[in-house]
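Residue 110 in this note's numbering sits at position 110 of the sequence shown, and the numbers go up by one each step.
One or more hints might be untrue.
Said to hold, decoys possible - Pair ranges (Cβ atoms, derived):
| hint | residue 1 | residue 2 | range |
| --- | --- | --- | --- |
| 1 | F119 | M35 | 29 to 39 Å |
| 2 | S66 | A37 | 28 to 38 Å |
| 3 | H123 | S96 | 23 to 33 Å |
| 4 | K101 | S36 | 28 to 38 Å |
| 5 | N43 | P18 | 21 to 31 Å |
| 6 | K94 | K29 | 11 to 21 Å |
| 7 | K101 | N43 | 37 to 47 Å |
| 8 | P115 | I92 | 12 to 22 Å |
| 9 | H123 | R49 | 14 to 24 Å |
| 10 | K29 | E91 | 27 to 37 Å |
| 11 | N43 | T78 | 31 to 41 Å |
Just so you know, these hints were derived from the structure itself, not from any lab. Just so it is clear, CB atoms sit at the ideal spot from N, CA and C, and this is done for glycine as well.
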Amino acid sequence: MRTIAHLTLFTGHLRNSPRHEVPKNAIDKLMPYVMSAGGEIENTGWTVRMVQGVGPGSCCFELHHSGLWLFSCYMAWTNATSAPMWEVVKEITKTSLPRPKYTPWLAIHAMPDMPLIMFKAPHAIMEAGDLERCIAWTVIDAMADGKPLAA
């Protein structure tokens, strides 16, 4: 079974997210945002911004809701970029957590605006974990087709 190691850095919670949890229609809907470096996701309140990783097989993305930058997400889906990308995670987030034991992995870092969402759109916290996984699987599916991510 294909899974992503989904690590929330501020809690240390690691969850293995199987591919079958993300429906094809979610991937189809998110693919244009992943391939075009991001944008506002229809009328959901969410905006995603895709960022280059350390090399092919890695990337970052930011999640914003209601004008607030809530999460920075880092991922690696190849063994070649797993260790170098984890060095980026450690440098930026100052985490002391170990890198997930297998690839692909997704590491989530809460931004200072995150607590403010409780006043503007508390439902966004519940949606965030699903959106993180959906975007990560969209990235992996895009790369499996050999499509380059937008810069």
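May I ask you to test the hint 14 to 24 Å on the CB atoms belonging to H123 and R49? holds (21 Å)
Outcome for the supplied range 31 to 41 Å, where the beta carbon pair is N43 and T78: Since the Cβ atoms of N43 and T78 sit about 35 Å apart, the hinted range of 31 to 41 Å holds.
Is the distance from the Cβ of N43 to the Cβ of P18 consistent with 21 to 31 Å? holds (29 Å)
Could one say that the CB atoms of P115 and I92 fall in the range 12 to 22 Å? holds (19 Å)
Tell me if the beta carbons of F119 and M35 are separated by a distance inside 29 to 39 Å. Holds, at about 33 Å.
Assuming the hint says 27 to 37 Å, is it satisfied by the Cβ distance from K29 to E91 or not? holds (33 Å)
So does K94 sit 11 to 21 Å from K29, Cβ to Cβ? violated (34 Å)
Does the Cβ distance between K101 and S36 fall inside 28 to 38 Å? Taking Cβ atoms as reference, K101 and S36 lie about 33 Å apart, which means the hint holds.
S66 versus A37 beta-carbon gap, inside 28 to 38 Å or not: Between S66 and A37, where Cβ atoms are some 21 Å apart, the hint is violated.
Using the beta carbons of K101 and N43, state whether their distance is inside 37 to 47 Å or not. Given range 37 to 47 Å: holds, Cβ gap about 39 Å.
Falls inside 23 to 33 Å, the C-beta gap from H123 to S96? Because 32 Å falls inside the window, the suggested range holds.
Checked against the numbered hints given earlier, the structure breaks hints 2 and 6 and satisfies all the rest.
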